[in-house]
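Chemist: The chain contents come next:
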Amino acid sequence: MSMDAQLIEHMMNPKNYGALEYSDAQGIGKNPENGEKVAIYIRVGKDEVAPYVEEIRFQAIGCTTTVVAGSMLTEEAKGLNFNGVQNLVEATMKLLDRLPPEDAACSEMVALAIKAAVDTYEKRISDPDYPTITYKIVNSCVVKDDTVEVIANQKEGK
Amino acid sequence: MKTIMIKAHEAWLATLMAGFMSKTENKQVLFDFSDILFRHFTWLENELIELDEPYNYDRDAIPIKVEKLSDLLHDIEKRLSEIDLQLLSSPDKNLDERISTDIAYMRDVLQHMKDEDITAFSMERKFPDIVLTEEATDALTLFLFEETYKEYELIMIYNYLKAHSSDAYLNRIFQILIDESFFHLKSFGDMGAKMGLLAVPRLVMKEMYQVEDVVQFLKDGINEELAAKEECKKLSEAVSKDSPELEKFFDFINHQENYHISLMKDALKHFEKKNNG
Numbered sequence: 001m002s003m004d005a006q007l008i009e010h011m012m013n014p015k016n017y018g019a020l021e022y023s024d025a026q027g028i029g030k031n032p033e034n035g036e037k038v039a040i041y042i043r044v045g046k047d048e049v050a051p052y053v054e055e056i057r058f059q060a061i062g063c064t065t066t067v068v069a070g071s072m073l074t075e076e077a078k079g080l081n082f083n084g085v086q087n088l089v090e091a092t093m094k095l096l097d098r099l100p101p102e103d104a105a106c107s108e109m110v111a112l113a114i115k116a117a118v119d120t121y122e123k124r125i126s127d128p129d130y131p132t133i134t135y136k137i138v139n140s141c142v143v144k145d146d147t148v149e150v151i152a153n154q155k156e157g158k
Numbered sequence: 001m002k003t004i005m006i007k008a009h010e011a012w013l014a015t016l017m018a019g020f021m022s023k024t025e026n027k028q029v030l031f032d033f034s035d036i037l038f039r040h041f042t043w044l045e046n047e048l049i050e051l052d053e054p055y056n057y058d059r060d061a062i063p064i065k066v067e068k069l070s071d072l073l074h075d076i077e078k079r080l081s082e083i084d085l086q087l088l089s090s091p092d093k094n095l096d097e098r099i100s101t102d103i104a105y106m107r108d109v110l111q112h113m114k115d116e117d118i119t120a121f122s123m124e125r126k127f128p129d130i131v132l133t134e135e136a137t138d139a140l141t142l143f144l145f146e147e148t149y150k151e152y153e154l155i156m157i158y159n160y161l162k163a164h165s166s167d168a169y170l171n172r173i174f175q176i177l178i179d180e181s182f183f184h185l186k187s188f189g190d191m192g193a194k195m196g197l198l199a200v201p202r203l204v205m206k207e208m209y210q211v212e213d214v215v216q217f218l219k220d221g222i223n224e225e226l227a228a229k230e231e232c233k234k235l236s237e238a239v240s241k242d243s244p245e246l247e248k249f250f251d252f253i254n255h256q257e258n259y260h261i262s263l264m265k266d267a268l269k270h271f272e273k274k275n276n277g
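Protein chains in written order, with this note's numbering: chain X, 1 to 158; chain F, 1 to 277.
Keep in mind that the hints were calculated from the coordinates and are not lab data. All C-beta atoms in this analysis are idealised placements derived from N, C-alpha and C, irrespective of residue type, glycine included. Treat the hints with care, as some may be off.
[Claimed, not checked] Covered, in the sense of this in silico footprint (three residues per stretch, anywhere, with C-beta under 8 Å from a C-beta of chain X), are these stretches of chain F:
#	region
1	89–98
2	161–175
[Unchecked claim] Taking lysine-lysine and the PhoX-like style, the derived pairs with C-alpha atoms no more than 20 Å apart in a straight line are:
#	chain 1	residue 1	chain 2	residue 2
3	X	Lys46	X	Lys78
4	X	Lys15	F	Lys65
5	F	Lys65	X	Lys30
6	F	Lys78	F	Lys68
[Unchecked claim] Pulled a few chain X residues facing chain F out of the computed Cβ check, cut under 7 Å:
#	residue
7	Met3
8	Met11
9	Met12
10	Tyr17
11	Gly18
12	Leu20
13	Ser23
14	Ile61
15	Thr64
Just chain F, with the same shape it has in the complex (with noise of 0.2 Å):
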């Protein structure tokens, strides 16, 4: 089962960065088949809790680096049969069955999608129809990166803590809080593949999904946000003169910071009163 699951994250992001490389109607599809991925993820990650064997979220390392589309999605296609295969010694045929389904149609969807050219590895870092000033391009090459990371993170941390939770209350909150960081992951994806500059977020390490202190990560989580916020004001700031769609763009974003900010503040107050009884 484990192995399965790690299958399973690994195909999440293959078809994830294969949507942000996509510029025709194929890229929705991708990202709906990855929203998927990541629910079978979390569903053979729910299997293993209930069997209770232990589990991380360490994977292999993700080449996504193609010319054409086809390349990528013949690799997804292996990475779905791999899985399916090794369903068959899954313990929960309901299981087996549900996932099983899922791959024989999107792997039908893969092998007739119309191929593309793929531009998303060029870093030529500009921006269709933008011209940024070279600083301005080094900022945004920087945040895109971090930024790119600290989503994917924070995806994984709140879904470890989510699936480790059976609090209904925190668990809604935690699940507003991976819905938002999958659409500012995939803003980034798609903004690092229109530069040229897409690349596969970096494992996250055991310590930081599989936290000790939930209070003490919710108040570094809070401090986080609002340095977020502020390099999304300096950053708005910066191209704001060669491209008022970016910095709205960036002022969107800084003031969603806000919701996490008030998210966060929700779960700790209920954590700190849950530990004083």
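One chain only, chain X, in its complex shape (with noise of 0.2 Å):
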């Protein structure tokens, strides 16, 4: 993860972070490998003519880079119809190779856990006791150390 100013504000201050009172629907997205997850919590508005993310707020069991994904994938989802939704967890999704295989993951884990919120919210409609999605994912967390590992090498001059 390279880092800029506005990364780092993320990191300090997470956007949408904590569980939310009074949500209309959750989502879990999950790393099967590891155990590592991310809960969304979502209130849904209704007073447009299509219904749409009016809070959103989410938790994760992960690292630093889950929660960055986090913070910024909830901001971009706020205030979107669920269409909206849909598009950007697929342009989520088509953005995934582009990133390196750990960064891959923990988005996935946020774009899946968006999805299974919206997708549980629209099954309770018919069924309101339908139980709260989880979506696992696909790509796999490598263990974040080339960074260090580059310093080192680069310091030993290999």
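Both chains are sitting in their own frames, so use the hints and assemble them into the complex.
Modeler: Below is the structure:
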């Protein structure tokens, strides 16, 4: 992860972190390899033509990259109608190939959790007892020690 | 009671953060006060357990970004006043009295503390008198964010396990691990403040501390400590040429993890022995 001021701001003050009291639905994105997961909570606005994400929060069992991805993507999702959310999720999934593997796994986990929350909400329209949906990621989370190794190698002249 | 415990949790963290920000003799006083507030938090938790009231470690976000220390101190005073007021409804008058007299003294000291300019949020990512390469700075930045949260998470987990255990042998181990994590949290928080990266650790999810399988938790924990040792080793190598001081520090943290692993192995053995009758 290369760092700029915006990224550091998300690390220091992740946006929308925490549980949402009185949420309409939750969704989970999970890494089956290591148990890391992201929970998304949404409150849905119904005062427009199409339902939209009025409030969104997230919590994570995961690394700082997951928290940064959660902070960024939930900010993007806030205010979007469900079509907009699906577009955001699809656009994020398409970007994953261009990211380092560990960053791809973290972003995928957040994107799938957002999708799971919206899908759970839609399922509950016809079945209020529908359980919270969990989607599992396919990208593998590689241990993030590349940066340090690169520095160590540079210093040793490798 | 639940609300008072949440407020004590928030006041503890706000005071700890104020300690990280300070560069004067205020620092140690704020650290001492944060330790006292942590104990209040644990007493209130114990009270909830005795009353059989459900609770968790959820709390609100704690805004700490200030330019002057006095701004945060006023906020902490306000938090302490709220706790004091709400204690009136506590069924345990002795507990109420103990906390209330601590609060009265702390508020008085906070009111008279010398003000300081705060640089802990500058995002400069520079250590005083140490020049690191950009890559080493990035690696250290990531390490500090990861580990500051991790240490807070461990404090909350071990505290919860301790609160719900009456096994003296295990509680001794949990208390040592809490103390060790406090030391690490304070070390990393101080480093974060020096680099202009101070942040309140994020909320810990319930399922992390409401541990269902302690044996598995300890096994995973030992592996995490081993991974943390590796991280410290690599970071120590990465900063060695720029800062022998930081190199020694990360070696020291690395070696401390051996003790944590040994304690966790002891706890694991004890649990397995208990489970096997």
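Chemist: The structure should be examined with respect to each hint, and the outcome stated for every one.
Modeler: Hint-by-hint comparison with the structure:
A count of 0 residues in the region 89–98 of chain F with a Cβ less than 8 Å from any Cβ of chain X is obtained; the coverage claim is therefore unmet, three being the minimum. Check on the region 161–175 of chain F: 0 of its residues sit with their Cβ under 8 Å from a Cβ of chain X, so the three-residue criterion for coverage is violated. Proposed proximity of lysine 46 of chain X and lysine 78 of chain X is supported: the alpha carbons are some 14 Å apart, at most 20 Å. Using a Cα cut-off of 20 Å, the hinted pair lysine 15 of chain X and lysine 65 of chain F holds, with the two alpha carbons roughly 15 Å apart.
Distance restraint check for lysine 65 of chain F and lysine 30 of chain X: the Cα-Cα separation of roughly 33 Å exceeds the 20 Å cut-off, and the hinted pair is therefore not satisfied. The suggested pairing of lysine 78 of chain F with lysine 68 of chain F holds, with an alpha-carbon distance near 16 Å, which does not exceed 20 Å. For methionine 3 of chain X, the shortest C-beta to C-beta distance to chain F is roughly 5 Å, which falls under 7 Å, so the interface hint holds. About 5 Å separates the beta-carbon of methionine 11 of chain X from the nearest beta-carbon of chain F, less than 7 Å, and the hint is met.
Look at methionine 12 of chain X: its Cβ gets to within about 4 Å of chain F, closer than 7 Å, so that hint holds up. Annotation: tyrosine 17 of chain X was flagged as interfacial toward chain F, and the flag holds, the nearest CB pair being 5 Å apart, inside 7 Å. Because the smallest distance between the Cβ of glycine 18 of chain X and any Cβ of chain F comes to about 5 Å, under 7 Å, the interface hint for this residue holds. Because the closest C-beta pair between leucine 20 of chain X and chain F is about 12 Å apart, greater than 7 Å, the hint is violated.
Given the 7 Å rule on beta carbons, the hint for serine 23 of chain X is violated: about 14 Å separates it from the nearest Cβ of chain F. The interface hint given for isoleucine 61 of chain X is met, as the beta carbon of that residue sits about 6 Å from the closest beta carbon of chain F, less than 7 Å. A distance limit of 7 Å between C-beta atoms decides the matter here; for threonine 64 of chain X the minimum to chain F is near 5 Å, and the interface restraint holds.
The structure is inconsistent with the numbered hints 1, 2, 5, 12 and 13, although it conforms to all the rest.
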